[in-house]
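Starting from the structure of chain A, add chains B and C where the hints point.
Protein chains in written order, with the numbering used here: chain A, 995 to 1252; chain B, 29 to 261; chain C, 65 to 321.
Derived by calculation from the structure, the hints in this document are not laboratory data.
Where is the CB? At the ideal position from N, CA and C, for every residue including glycine.
Some hints could be false.
As the list claims (entries may be wrong) - Quick list of in silico lysine-lysine cross-link-like pairs, BS3-like style, CA-CA up to 30 angstroms: (1) A:K1230 to B:K163; (2) A:K1042 to A:K1230; (3) C:K102 to A:K1170; (4) A:K1221 to A:K1149; (5) A:K1170 to C:K232; (6) A:K1030 to A:K1042; (7) C:K80 to C:K291; (8) A:K1065 to B:K198; (9) A:K1096 to A:K1023; (10) A:K1149 to B:K244; (11) B:K182 to C:K270; (12) B:K73 to A:K1213; (13) C:K84 to C:K291; (14) A:K1149 to B:K73; (15) C:K75 to B:K163; (16) A:K1042 to A:K1213; (17) B:K198 to C:K75.
Said to hold, decoys possible - One-sided and incomplete, this derived list gives chain A residues near chain C with beta-carbon spacing under 7 angstroms: (18) L1029; (19) R1031; (20) Y1050; (21) I1075; (22) G1080; (23) Y1104; (24) Y1119.
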Amino acid sequence: MGGNSNVKLIDDNGIRIDGRRVDELRPLKIEAGVLKRADGSAYVEFGKNKVLAAVYGPRECHPRHMQNPAKAIVQCKYNMIAFSVGDRKRPGPDRRSVEISKIISEALEYVVFTENYPRTSIDVYIEVLQANAGTRCAGLTAASVALADAGIPMKDLVPSVAVGKVNDQVVLDLQKEEDNFGQADLPIAMIPRTGEVLLMQMDGHLTIAEFERALELAKPALETIYKAQKDALTRKYAVENTEEEPEETSAPAQNLEG
Amino acid sequence: MNKENASQTREIVLPGDLLDSGKLKAGPGTYVQDGRVYAAQLGIKNVKSNFVNVIPLGGRYIPAPGDSVIGKVIDIGPSNWLIDINSPYPAPLHVNEVPWRVDFGDTSRFMGVGDTLLAKILSVDETKRVQVTMKEQGLRKLQGGQIMEISYSKVPRVIGKSGSMIQLIKGMTNTRIFVGQNGRIWLDGEIENIMFAIRAIKIIEENAQTSRLTEKVREYLESVTKTEQAASG
Amino acid sequence: MARSIMSEIKKDHIHKLLAKGRRVDGRAWDEFRPISIKTNFSETAEGSARVRVGNTDVLVGVKMTVGQPFEDTPNKGVLTTNAELIPLASPTFESGPPDENSVELARVCDRGIRESQMIDLEALCIEERKEVWILFTDIYVLDYDGNLFDAAFLGAMAALRSTIVPAKENGKGEDFPLPIRHSPISVTAVQIENSILVDPTLDEEKVAEARLTVTTDENGDLRAMQKGLQGALTLEQVGKIIETSQRLGNDLRKLIG
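Here chain A stands alone, though its shape is the one from the complex (with noise of 0.2 angstroms):
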């Protein structure tokens, strides 16, 4: 956060160095099934962000002394590749990467029926190919539709997005610019059905009155989101009509013929 109010970044009508006006969102496209060796994968493109998720679980949990006997862990490992951002990041988690890990771990294992597997890890994998503010977003956006894709069980699809400051004015959506000389950064996923918040952080300035504001600003973007987490998924698997319904019951022994 630069916290530089001497930047210029809305301008005297509303609208941003990007041509948005302060409640709109970057365009947005979210595909799932994109990888063949993951169980589940999705890819996010959110404004510059390109972001591949992908999970592999439940499975037999490494570590081994990990292990929970009574459900599965979640386990995220987010990254950001070396071309990702302007400066070349050296390859490697950092302190920064180790954090988002941890918290879209958490926001994950509460919406994933962990207790159907026990002693398993469900690894996610969220891989940023390109930055531009807001990556942790569509990381756990991308993360959940992946989920999903995997057949994973959980309460809900969990969308996410930033919030911010800049020049006084409560923003959606930041982009690069306006994180780098914003005044504040808030990160909000949560389910929009329930309204339970599963990652929140905020960084910079904030009165009470501007934090109500963001959470406004919020939450019908976060039911866009949801629905393209949802169309992504419905698109994959669309079913057309078909009269030949196999019995859908598990088939009894016999089909193991000779």
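Just chains B and C, lined up with the frame of chain A:
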């Protein structure tokens, strides 16, 4: 979601979708919140008796007692083998559960790492520890042929109503096919025929939700097999 | 454990097909899987490409910065190649620093780029002994179904050929395309029971006894080679693979333009 004709369209549901807010009871693949039933998994909504459940479209195979599965030996101990059943849980197979008399320490003589076998799920406890057995009629080590893996959720489609689909493939390609509940399939026969059968099963897997699937499979098999099939079945 | 053990039946099936001169996916022994190459995937990289060879999917990006030259080559730019087998690409890839497979992949690609002298490194000198362009090629495997060497190298070639040197933003004049002089191409083959198969799938690699990657330039000359796996190759097999690499290299070269 395609809702042109509600009675015919199979409705895809996603986690968090409301399935029912009143009378139906919660079946597998769903959860209850505030008296309402929601989908817990990506799948097809299904109502039976007065239960609503979700038939999953993907996910890992979770073993259930009585399931017939095709397993792969991944480790050997002096009195058991460890079997991968294409599930988050590997299954130990004890020497007491095989049709041979195996002396302590002699296990590798009967089956080695990489071997494939037909087995049945004996039991699954609350922590999902699985036991398998080979002691039933027909269960055995498999040799020759080829193995393929599909999503376990497509197994009913591959088998078809009363086995009609799998019989079609077997008949037209003159192959033996075992379909495990865990999504592993073993095929045996002449190599060309095995390739055709594999392709036919892949067609089912890729088009599981579309209509006229049986015809598509039949058309494919007719176009590739040169042998005349007996007009059986 | 379960992640990498291949069933004996699958292995035998590959051998049986090979005995009839066939492959599981129906390809000829010297046929590549369908290849797709898309450049300019990334806006933050100076050059980038996404390559698919069958189901293998690799993303390559090139970044350039201004830095100091090495003492023994004071008038030449600096090349670095890095490869990551990221865990999302395969259940067998683990998180962590590059393992021996990542390192081998990176170094073989690097050799192909460096030894072919495809990049005019002297043109990347800004001020002798003081400032040169440093070029980073980062290779990321996104989906693993065999033959990472060729997919990665094709990606590197395509990314480098589309790279624009960011002179302007570094205050070094106008941007210019990275000066490329040659087009090396790598072709990888495996030996399974004395049959040679080009562009192995993952299953074919698992059954293979030996592997050879040959990188040739547009004249058919050798620029890099790497033999892998724990088996052996006869000289005759080596010759056959080299000759095939020259031939297929020419076809692949056309894909990069």
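Structure-based check of each hint:
| no. | hint | result |
| --- | --- | --- |
| 1 | A:K1230 to B:K163 | 42 angstroms, violated |
| 2 | A:K1042 to A:K1230 | 23 angstroms, holds |
| 3 | C:K102 to A:K1170 | 26 angstroms, holds |
| 4 | A:K1221 to A:K1149 | 16 angstroms, holds |
| 5 | A:K1170 to C:K232 | 21 angstroms, holds |
| 6 | A:K1030 to A:K1042 | 25 angstroms, holds |
| 7 | C:K80 to C:K291 | 25 angstroms, holds |
| 8 | A:K1065 to B:K198 | 41 angstroms, violated |
| 9 | A:K1096 to A:K1023 | 25 angstroms, holds |
| 10 | A:K1149 to B:K244 | 37 angstroms, violated |
| 11 | B:K182 to C:K270 | 27 angstroms, holds |
| 12 | B:K73 to A:K1213 | 28 angstroms, holds |
| 13 | C:K84 to C:K291 | 26 angstroms, holds |
| 14 | A:K1149 to B:K73 | 16 angstroms, holds |
| 15 | C:K75 to B:K163 | 27 angstroms, holds |
| 16 | A:K1042 to A:K1213 | 22 angstroms, holds |
| 17 | B:K198 to C:K75 | 23 angstroms, holds |
| 18 | L1029 | 5 angstroms, holds |
| 19 | R1031 | 5 angstroms, holds |
| 20 | Y1050 | 5 angstroms, holds |
| 21 | I1075 | 6 angstroms, holds |
| 22 | G1080 | 6 angstroms, holds |
| 23 | Y1104 | 22 angstroms, violated |
| 24 | Y1119 | 4 angstroms, holds |
The structure does not agree with the numbered hints 1, 8, 10, 23 stated previously, though it agrees with the rest.
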